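Undergrad: Taking the hints into account, I'd like the entire structure generated from these sequences.
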Amino acid sequence: MCQLPNNKRLNMSAGIKYTHIYSLVYHLFCLTLGPVAFSQTLQIGWATTDITPTQPVLIQGQFHARLSEGVKDPLTATALAIESQKGGQPVRVIMIGLDLISVADGLRDNSNLRKEVRERVVKAIPELKPTDISLNATHTHTAPVTSLRSAQEIYGVSLEEIAGGKKAIEPREYYYFAAEKIAEAAINAWKNRKPGGVSYGLSKAVVGHNRLQVDQAGKSLMYGNTSRPEFSHIEGYEDHNLNLIYTWDTSRKLTGVVVNIAVPSQVSEHLYEISADFWNETRALMREELGKDLYVLPQVSAAGDQSPHFMWNDKAEERMQKLMGLDKDGTGRNSMGRRLQIARTITEGVKAILPYMKENIEWDPIVAQKTENIPLSRRLLGPDDLATADKETAEWKPKYEQMLAEIKANPDKTKEKRWYTAITIAHTRYRRGRSVHERYEAEKRNPKLPVEVKVIRIGDVAIATNPFELYLDYGIRMKVKSPAVQTFVVQLAGGGSYLPTRRSILGGAYGAVPASTLFGPEGGTELVEKTVEMIKSLW
Amino acid sequence: MVDILYNAVMKPLAFRNFCLGAVLCLLASFAAADELRVGATTVDITPQLPVSLDGQMALRVASKIETPLEANVLVLESLSPQNTSVWVTCDIVTIPTELLDLIRKAVRARLPRFNTRNIMVNASHTHTGGVVRANWYPEPDSIVKVTDYQHFIAEKVAEGIENAWKTREKCTVSWGIGYAKVAYNRRARYEDGTARMYGKTDGDDFRKIEGYEDQSINTLFFWNPQGALKATCINVASPAQIVESRYTVNADYWHPLREILRKEHHPSLVILGWVGAAGDQTPRPMYEHSAEARMLRLRYGEPGQGNDFRTDVYLKEIARRIAECVNDTYRVVQKEKHENVTLAHQVLDLNLPMRPVKEEEVVEARKMQEEDLADPIRATQMKRRIAWQQEVIDRFEMQKTIPNPKYPVEIHVIRLGDIAIASNPFELFTEYGVQMKARSKSLQTFVVQLVGPGTYLPTRYAEEGGHYSAIVQSVRVGPEGGQLLVDKTVEQINRFWP
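Taken in sequence, the protein lines are chains P and G.
Numbering follows this note's numbering, with no gaps: position 383 of the first sequence is 383.
If you count the second sequence from 1, you need to add 539 to reach this note's numbering.
By construction, these hints were calculated from the structure, which means they are not laboratory data.
What you are looking at is a predicted structure, and each value in this text was computed from that prediction instead of being measured.
The beta-carbon is built from N, C-alpha and C at its ideal position, and this holds for glycine as well.
Any given hint might turn out to be false.
Residues on chain G that point at chain P, a partial pick, calculated with CB under 10 Å [said to hold, decoys possible]: (1) M736; (2) L837; (3) A862; (4) T984; (5) Y1000; (6) K1027; (7) Q1031; (8) R1034.
Chain G regions said to be covered by chain P (calculated; three or more residues, Cβ under 8 Å) [what the hints assert, rightly or not]: (9) 765 to 771; (10) 821 to 835; (11) 969 to 978.
TA: In structure tokens, the structure reads:
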């Protein structure tokens, strides 16, 4: 607030005159600048685009193919553009949160959505560098396959066969569509930049749960029944911190929130409809309670071994969802009731610290960034892994081929709804076994693979991305060594692939088997060390 | 004709009615759901000063009372069949067997025909309550005698039970579950496979937090005949030891939590604090200290003490988190008040295999004991630690004559409506509590630790890591006994849901 400075009593007539002039000039100065009475080095812009496919597509996230049968709720790309001119040195960052399962980055094949988006943005905004732009995925399991590979290559049957002759678009068509729309969000966010401020805080939201159970013999299993007598314990840790960045305009109006939480959005992971999963309900509730124009940028922290599903107490949770009045469209494990419950929890977490965030806005924080391609040690495969892979191939290849022959002989079968489930599972499993062999050969040539890591500094906050479904322990290790007051770890800023811990590998569950993981604990430690080193270089 | 009609109609009818009546009576005797009568009261068990404090290795004498200490009492009765269940929570560190015996004896003196076996008493684990374990610490003449404090607590609790019994009334009950980040697994694991309780997490060799956390908060609400909240039971898997090193009497986070809830609801709300399986937990953060400390400063306007969370402001913060969760659950479940509920209370006496002592552990124990005994002043201050090592030596000797010794424990398993309550006397590592909850057939399972003298019950993985709470000195019953405890508890719970 502008206040009149104390003035000494001056000569009555001249004094009053000078006092009035001084006061007028001072007030005009304050009114011009508003509440921000210092240099405006920080510019913030937000934008969203709808990346919902306009035609039926293949949905990514399960072993079997799923052809979309409608749109439950839209998919969004949310872009936050930040430009700092502090000290006359421009620093430009655009972060984009995507309702996709991952962001193809060229690690697995030549599909590189990240590169496609960057090229488009840089072309439109030449002052930006490609690495100024980072993308991360929420891991929704009800978004399109985003790849240059065809349905035939991915699932072993053609799109036409899967669709039974009905209209559908290949993954590649959606890939280019998504690249355009995501780039559009980034470009618009950049153009929407205005002076603004940021605040950051740590809240709590118990949403993510470690999804691996271990039995008395030490064997791990993803999900599964924990009421069995063999159940011993949950394999790993959970992190219920909610890392938040709030952005404000110069009138201290909240414009957006970056929500970083250690849980992937896969409540409705089996649906055959397009959906942003719980982020749809979360954005809606946050807008209802904090402003209809609020932007929400979701980030998933290190959560490769986490899920939004309860590992026990299902009935109790279902009952609570009913009592909360969240049961209109179902309750329980994969339900809308659960999604609404999560939305409620996250929104409460965001609101819980809002008053303190408004009182502690930084208008001129240090902004810095660094991006590097880090060579990480691959998880090297051994003879046992090859043997397991060979066994998988030997089991599933004949099944796939037989089913294929049946379809060729009876093409009318492709008119049946979801006829393709069994054959695409068979192909995925057969292909998985084969890919292990391909990796084994590749490892001999290149025992390391480069991955992109980006770190951003905003004031006392560090944001550190990685492309993986990173097991939670690695994220904790980054946070404890980071010099930042708060460290936002962001996974799935690339194509995915689990990065499991040593204990998880010993347990042997999905997510830790060789076929699921390009990298292992050695690479994980290298990632942690390098990420921390990069963060420290910004302090 | 009349006779014919009578024989044809009335006799069979009468017989039918007789059978029906007999069946109904039989069913009534097994009829589980019944009207619930509940009495509740709070008693003050604050010791007089100066008093020694329980929970650390060295003697601490308190000269200041920062908060009162309470015992909160609930007495439940169902009429058909007649059944009672008494629940008591005390702001002390554990419930030694002798204290439980004193309580039961004092209750029998007041209520001679009362079922004192069905009295379940748990400790909040505050490390700033009076010493309740005789012969654990040196006892200077100037301080309150431990046995006197034990008798004081026993009489106050018995008085509370009597008052609650005599004022019991028909009540309804609700249950619910919510979540709050209150538990932090306090064991850090390092690259070389070792573990450390409260270990540093910012070193290059830190690899992970060792074990799981259970952030669920199970709650019971009891409503009087007018529909007002009478009492609540809050089950949180995090022990009350934020200010554990102080030289003052303090109920730890339960005090500000009770204050918040009583202000929100009413001043005489009876609040039972049940600590869940939390032997490896603490309410204090293990990492992101700067971020946590900053949030305290922003919220409470207090400068704090750097990254030290053993503070009054942090007590307020944990109390706030729990209270918000409890109040949220209250708002959600108050629409579902159960009138006729099954009340069943089983007390089991188990003999669990003791964790064997190895010869090399005895050698180590003797060595550490000699170090403490070497200096007379230190020997006095470290009386507790010296005794701690001596127990290991004694157990090893006992093993020579009793090769498979057993550790007797009393557990309570209670059914109330759709929920189960299962107690154990240990500082039980969280994983065991999770197993009980996952395998239980009840809708919700409240696991209550420290219904007894304590001692840690670690997991096998924790034992491999070592350090306090997982070493032989800390442990009477190990993973083998822990699994048996889980199996027996689950077995009894599930008997209530055939």
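Undergrad: Taking the numbered hints from earlier one at a time, note which ones the structure violates and give those numbers from smallest to largest.
TA: Failing hints, ascending: 1, 3, 6, 7, 8, 9.
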